[in-house]
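Q: Listed here are the chains, written in short residue letters.
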Amino acid sequence: MATRGSFLVVTSLLVLAAIGSGCAKRPATTQAAAPAPTGTASTMAPSSSQPGGTTATPSGPSMSQPGGGGTATPTPAPAAPAPAARPEVRTFVAVPELQDVFFDFDKYDIRPADTRTLDANAAWLKSNPNHLVLIEGHADERGTNEYNLALGERRAKSTMNYLVSQGVQANRVTIISYGEERPTCMEKSEGCWAKNRRAHFLVKPR
Amino acid sequence: MSVQRCAVIIVLLLVAVLVTPWSLPLLRAQGVDVFINITSGGSKKLNIAVPEFTVVSGTDSQGAGKQIAAITGADLTFSGLFSVVAATGAIPANNAAALQQSWKEFAAAGAHAALHGLLTIRPDRLDGEMRLYDLTTPEHRLITTKKFDVPGVQGRRLAHKIADEVVLQFTGEPGVADTKIAYVAGPRGAKEIVVADYDGASPVPLTRNGSINLTPVWSPDARSLAYTSYKQGYPDLYRAFPFERRPEQTLAAFVGINTAPAFSPDGKSIAMTLSKDGNPEVYVLTLATGTMRRLTRHAGIDTEPTWAPTGRQLAFISDRTGSPNLYVMDAEGTSVRQLTSGGFHTQPRWSPKGDAIAYTARQGIHDIWLINVDGSNPRRLTGGGGDNQGSTWAPSGRHLAFQSNRNGRWQIMAMLIDGSAQAVITTGAAEATSPSWSPRLP
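Sequence lines, in order, name chains A and Z. Numbering-wise, numbering that gives the first Met the number 0 puts 197 at position 198 of the first sequence, and it's gapless, one number per residue. Numbering-wise, numbering that gives the first Met the number 0 puts 286 at position 287 of the second sequence, and it's gapless, one number per residue.
Don't read these hints as lab results, they were simulated from the structure. Being a predicted model, the structure only gives us computed values, none of them experimental. Check the hints yourself; a few may be wrong.
Using C-beta positions, here's what the derived DEER-type ranges look like [stated by the list, open to error]:
hint, chain 1, residue 1, chain 2, residue 2, range
1, Z, PRO308, A, GLU189, 39 to 49 Å
2, A, LYS187, Z, SER419, 24 to 34 Å
3, Z, GLN362, A, GLN168, 40 to 50 Å
Computed footprint of chain Z on chain A; a stretch qualifies when at least three of its residues, placed anywhere within it, have a C-beta under 8 Å from a C-beta of chain Z [stated by the list, open to error]:
hint, stretch
4, 112-122
5, 165-176
6, 179-190
Backbone N, C-alpha and C fix where the C-beta goes; we use that ideal spot for every residue, glycine too.
Based on the sequences and whatever the hints tell you, model everything.
A: Take a look at the structure:
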């Protein structure tokens with residue numbers, strides 16, 4: 000039952016992803032890819048005892064049988080047409096021509112002073128039409144984790160919207176939020192936090 | 000237990016009952032005598048003697064009798080209900096006279112009850128029995144006895160199960176010692192998820208993918224966790240089964256963020272935040288069908304859903320008024336009402352009892368607050384030391400765990416819900432954040 004459910008989740012997500020891509024508001028970003036489960040089970044601990052008589056394995060009848068779930072594991076098969084993958088993040092690189100823009104605390108609107116930077120970035124992208132761009136949205140360490148992921152997303156989105164308004168094709172742009180997880184400056188000071196509240200640009204050839 | 004026999008204890012506890020506004024009358028639940036009022040962390044504690052456990056069979060080459068008694072004692076102390084009276088040396092096995100003499104001495108020292116553990120040690124397994132005595136009676140009456148069948152040699156787990164049974168006997172509800180806490184370990188940019196015992200012991204990695212892994216949350220059956228990981232490059236949602244050889248599931252890998260998972264109380268759905276339709280909104284994934292239902296529709300940020308224990312409502316945060324505040328809606332996404340205003344209020348966590356929501360308020364630094372579900376009586380639980388955030392409820396609703404940097408690095412801490420008894424859970428060198436307290440283990 001649970002096994003069948005999990006299979007349904009995966010396949011349904013694939014279907015949903017394929018359907019959902021058709022009405023994405025952001026033509027820029029390619030449709031969601033729901034990767035199939037990695038065949039490697041994330042098992043926590045062998046149930047062998049440790050010195051001191053401790054293990055991490057609960058004793059529920061269905062849980063204490065290593066491999067018990069393995070036989071029922073579904074073999075994930077692509078039940079839907081494979082959706083196009085999102086561009087691989089690690090293939091993007093920074094270029095000196097594309098400068099970061101920065102945000103006020105808990106804000107995601109483009110500051111007037113930063114429009115000049117974004118205009119220059121838009122101009123570079125238009126004169127290098129064979130490059131895709133990845134916009135990273137970042138937050139400082141204040142606030143909390145989950146909210147900062149949303150904030151970083153909004154900052155990347157605002158930045159993307161500005162570039163598109165300046166004539167950059169939306170389908171060249173992908174965004175990603177790192178929330179507060181990738182600061183460039185590690186001190187606890189407003190000067191440092193201001194540097195971390197940023198949108199950062201990476202590119203790769205099409 | 001006859002009423003007159005435990006009159007001393009009841010008189011003691013009446014003090015707590017009388018000073019506690021939410022006091023319930025003495026209850027009888029689940030077939031056990033209930034004489035500790037459990038609604039307040041500040042109530043008078045019961046003195047319980049926990050001498051070293053007696054090894055009745057086998058060779059105790061590793062000092063299990065002492066260790067297991069110490070762990071059970073620590074669990075009872077953590078519960079906030081007991082003051083543990085410890086002692087060195089185990090009571091000899093099968094020696095009624097020695098037992099009575101011990102109880103007489105513990106009673107003279109002020110103990111109201113006594114826990115005697117009996118261990119049978121074999122190379123491949125460890126069996127335990129607990130016997131609970133009422134020391135307020137002249138004959139030191141045996142309240143109850145229970146044997147524990149814990150597979151393998153799991154002394155620590157046996158200790159936790161005994162402690163939870165003691166709490167059950169005195170309060171009508173089991174303790175929370177036989178639970179886990181999942182958390183995120185490591186510095187920014189290299190965060191992995193770890194699952195440890197509720198007291199921080201025996202940490203085991205759940206993820207080892209070298210990317211960024213965030214915000215683990217337990218399913219209601221304590222068999223799986225949902226979390227966000229960048230292991231495929233983007234922040235996607237996964238579900239792992241830490242105790243089973245079962246492949247991980249991808250829950251959501253849409254364009255944009257896939258974050259803030261929260262299992263519904265029946266375990267059939269997961270609320271989450273997706274930005275696939277333009278900006279962060281709250282959705283509910285039905286696991287059996289894979290259908291995704293959108294609950295919020297607003298131009299601002301909507302995220303961090305948390306379910307009421309009835310499953311009929313969710314709280315979430317939104318910045319629709321300019322900064323993040325708490326909101327409540329029904330499970331269809333309608334009847335939205337604002338719970339807090341004017342704040343930087345995030346990380347809502349609905350209590351297991353349903354009457355309150357814990358959250359994080361930022362006023363320069365962050366602290367854990369509690370607010371009634373009707374929006375009344377917001378009260379601060381932490382303060383005076385660094386940032387305190389990311390709370391998670393114990394399944395009993397009597398404790399909260401959270402992350403604090405008051406000691407210079409992020410650690411997981413726990414406290415009673417009146418803010419008392421704040422104690423460090425994770426003592427390792429690694430930064431520890433985003434705790435999720437498991438339900439009671441099956």
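Q: Are there hints from earlier that the structure breaks, and if so, what are their numbers?
A: 4
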